[in-house]
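*Asks:* Quick note, the sequences are listed as chains U and E, same order.
Sequential numbering from 1 applies to the first sequence in my numbering.
Sequential numbering from 377 applies to the second sequence in my numbering.
Please note that a few of the clues may not be correct.
[Said to hold, decoys possible] Facing chain E, a subset of chain U residues (Cβ under 8 Å, in silico):
| no. | residue |
| --- | --- |
| 1 | A11 |
| 2 | G291 |
| 3 | T296 |
| 4 | Q338 |
[Claimed, not checked] Simulated pairs of lysine-lysine, DSBU-like, Cα-Cα distance not exceeding 30 Å:
| no. | chain 1 | residue 1 | chain 2 | residue 2 |
| --- | --- | --- | --- | --- |
| 5 | E | K501 | E | K522 |
| 6 | U | K13 | E | K503 |
| 7 | E | K503 | U | K7 |
| 8 | U | K95 | U | K116 |
| 9 | U | K7 | E | K522 |
| 10 | U | K148 | U | K325 |
| 11 | U | K95 | U | K148 |
| 12 | E | K522 | E | K389 |
| 13 | U | K15 | E | K522 |
| 14 | E | K389 | U | K7 |
| 15 | U | K13 | E | K522 |
| 16 | E | K522 | E | K503 |
Just so you know, these hints were derived from the structure itself, not from any lab.
Nothing here was measured: the structure is a model prediction, and the numbers come from that model.
Note that the Cβ used here is the ideal one computed from N, Cα and C, for glycine as well.
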Amino acid sequence: MTRFAIKTLLADKGKLLIALTGVAFSLLLVNVQGGLFLGLMDKASVLIDHCPADIWVAHRNTENVDLAHDIPETWLNRIRGLQEVAQAEPYVVGKGIATLADGGFEDVWIIGSDPKSMMGSGWSFLEGTVDDLRRPYCISYDTVDDRKLGAPAVGDIIEINRRRATVVARTSGIQGFMTTPYLFAEINTAREYSRIPAGFCSFFLVRARPGSDHAQLAATIQGLLPETDVHTAAEFRQLSKDYWLQRTGIGVSFGAATLLGLLVGLVMVAQSLYALVLDHLMEFATLKAIGAGSGTLLGVVLLQAVSIAMAGSIVGVAVTLVIAKYGSTPLAPILIPQALLFGGIGVVFTLSVGAALLPLRRLRAIDTAIVLQGGV
Amino acid sequence: MSATSTQLVVSGKGISKAYHTGRIETRVLEDISLQVARGEFVYLVGPSGSGKTTLLSILGCVLSPDTGSLELAGQDVTRLSDQQRTRFRCHNIGFVFQRFHLFGGLTAWENVAVAFRLLGVSGRKAKLESLELLERVGLANRTNHKISQLSIGQRQRVALARALAGNPPLILADEPTASLDAESGLQAVQLLRRLCHEIGTTVVVVTHDDRIKHLADRVLSLSEGRIVGEMSRDARTLLQEADPNPEPGLLASCGV
Ligand SMILES: Nc1ncnc2c1ncn2[C@@H]1O[C@H](COP(=O)(O)OP(=O)(O)O)[C@@H](O)[C@H]1O
Ligand SMILES: [Mg+2]
Numbered sequence: 001m002t003r004f005a006i007k008t009l010l011a012d013k014g015k016l017l018i019a020l021t022g023v024a025f026s027l028l029l030v031n032v033q034g035g036l037f038l039g040l041m042d043k044a045s046v047l048i049d050h051c052p053a054d055i056w057v058a059h060r061n062t063e064n065v066d067l068a069h070d071i072p073e074t075w076l077n078r079i080r081g082l083q084e085v086a087q088a089e090p091y092v093v094g095k096g097i098a099t100l101a102d103g104g105f106e107d108v109w110i111i112g113s114d115p116k117s118m119m120g121s122g123w124s125f126l127e128g129t130v131d132d133l134r135r136p137y138c139i140s141y142d143t144v145d146d147r148k149l150g151a152p153a154v155g156d157i158i159e160i161n162r163r164r165a166t167v168v169a170r171t172s173g174i175q176g177f178m179t180t181p182y183l184f185a186e187i188n189t190a191r192e193y194s195r196i197p198a199g200f201c202s203f204f205l206v207r208a209r210p211g212s213d214h215a216q217l218a219a220t221i222q223g224l225l226p227e228t229d230v231h232t233a234a235e236f237r238q239l240s241k242d243y244w245l246q247r248t249g250i251g252v253s254f255g256a257a258t259l260l261g262l263l264v265g266l267v268m269v270a271q272s273l274y275a276l277v278l279d280h281l282m283e284f285a286t287l288k289a290i291g292a293g294s295g296t297l298l299g300v301v302l303l304q305a306v307s308i309a310m311a312g313s314i315v316g317v318a319v320t321l322v323i324a325k326y327g328s329t330p331l332a333p334i335l336i337p338q339a340l341l342f343g344g345i346g347v348v349f350t351l352s353v354g355a356a357l358l359p360l361r362r363l364r365a366i367d368t369a370i371v372l373q374g375g376v
Numbered sequence: 377m378s379a380t381s382t383q384l385v386v387s388g389k390g391i392s393k394a395y396h397t398g399r400i401e402t403r404v405l406e407d408i409s410l411q412v413a414r415g416e417f418v419y420l421v422g423p424s425g426s427g428k429t430t431l432l433s434i435l436g437c438v439l440s441p442d443t444g445s446l447e448l449a450g451q452d453v454t455r456l457s458d459q460q461r462t463r464f465r466c467h468n469i470g471f472v473f474q475r476f477h478l479f480g481g482l483t484a485w486e487n488v489a490v491a492f493r494l495l496g497v498s499g500r501k502a503k504l505e506s507l508e509l510l511e512r513v514g515l516a517n518r519t520n521h522k523i524s525q526l527s528i529g530q531r532q533r534v535a536l537a538r539a540l541a542g543n544p545p546l547i548l549a550d551e552p553t554a555s556l557d558a559e560s561g562l563q564a565v566q567l568l569r570r571l572c573h574e575i576g577t578t579v580v581v582v583t584h585d586d587r588i589k590h591l592a593d594r595v596l597s598l599s600e601g602r603i604v605g606e607m608s609r610d611a612r613t614l615l616q617e618a619d620p621n622p623e624p625g626l627l628a629s630c631g632v
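Make the full structure from the sequences, and use the hints.
*Replies:* Listed below in structure tokens is the structure:
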């Protein structure tokens, strides 16, 4: 009956196309919405993701890597002596206001690293290197922020909080959740630009010795620095993401949009499969008249549904991958991990096949007598 | 060749049937009893609306009678469930529908193969047997044609081949010549008769086509849901002998 199922499906190209489009569209929507969401959420922890620190020490109740409070650098001495600590450094994520060439203002984050190690500094350099940023009053800027900062060239001077900063490097694709430009510098420069008093910083970045238990070390440090919150990198990453998820509710809005798209696609699938069965009701009745049991009829409909789900998924994945490749920008990155891709296929596939079961009631109630009565 | 054979393929007693549309009851068949022997070629005639198709549907296990009992190929089918009737049809009854009801998306051989597949025959064997059947109905060179590419007469023969698949003991045909011209109508029924005669299949044909009347072993006349007349070949042969100017073809086909 495979032939019957497939050939009957192919006989009506119009409905087939609508059904395939429905599946592909659903899949595309799930993936692109999901990918945009993941891409956006990825920005919430971009500084943590690219920093080699194993443990982040922050002011008590800091909820987010972008929103830090000052802590005294001297506390570092309490943990530097620890056996498991390989490296512990101050780190600044400070806020400044840049004065633009056209006289406008723009909020910026100045990220300051210890000039010896430059831990947590910029990456993806187009021009210049991290080494250029070790020098005082030098900053990098990212091309994502061309529009905001007037696309300064290397060598140009920007004024930040009334102080001159020389652009010595350009990076590509570094942007936080709030889209406020990240300017990387050495720590004293960053402190000065963001008016953090000398002797204070935003975080301590701690690297553990190889083989040590990060959670354990975090607990030890927490004991030594009760005025702070100590997180492993993974914890702090999640904390930063959760903060934006809860504050903005983007999870809900993305989820709702995805669900809606999924629904539209599935209505297309269900509708065209239903119409397909109705169009061929006489053929199904004939099948039953000449001896096809309900199991056989079910098999035919299921096979048709699975074929459509499969072909539609292939098209959907192809289009998704193309869009993810050419439609992803640093401003709106589309991140489609395999889990999302296969999860999406699983959901769309299951729902498509489910939609195909809708006309089954109609099929079961089929009256074989119509075949003999000759009515339509 | 006689209806009095002890080997009955159809044996119905006191069959009646009514349709219900809302509160309106349409009584269609009243107390019908009939017997058809193995290998018999029987016509069911009668005016439009007399209940021929309804009776054929009951004989084909598509409808259940309201009263009475029906035995087909030695099995009591009066009280079978929908599922059981479907299984019974699959193995015991071949249909040639008035409008053929072939599968439009499939080729000629695939249409026949569907019937074999429903019988559980493997795909490869189903194809071989289908091709063989199409050859027997004279469509050896049309096996890969789509239904839409076949003439009405050729479609009729595909339908016939599909009905013959698996050698069912009973074949039912509802107005098989209705959509054919006189010549191909006659040919189609002659073919049906010859093929079924070869393997001893019982055939019940609903028709009001006078041009093919002479081919029947027996004619049952239905009127207002009752069998009002019955005429066997022997009786007609006698009639023909009394006719001073009998049609030559008619006599020849009666073996006179
Ligand atoms: N499904 C049905 N519902 C109600 N009435 C029906 C139905 N099928 C047939 N009838 C009625 O039953 C009578 C006999 O129909 P049918 O068996 O098709 O007669 P025939 O084949 O001899 O023309 C007709 O009056 C017809 O209108
Ligand atoms: Mg009729």
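*Asks:* Tell me the hint numbers this structure goes against, listed in increasing order.
*Replies:* Numbers 4, 12, 14, in rising order.
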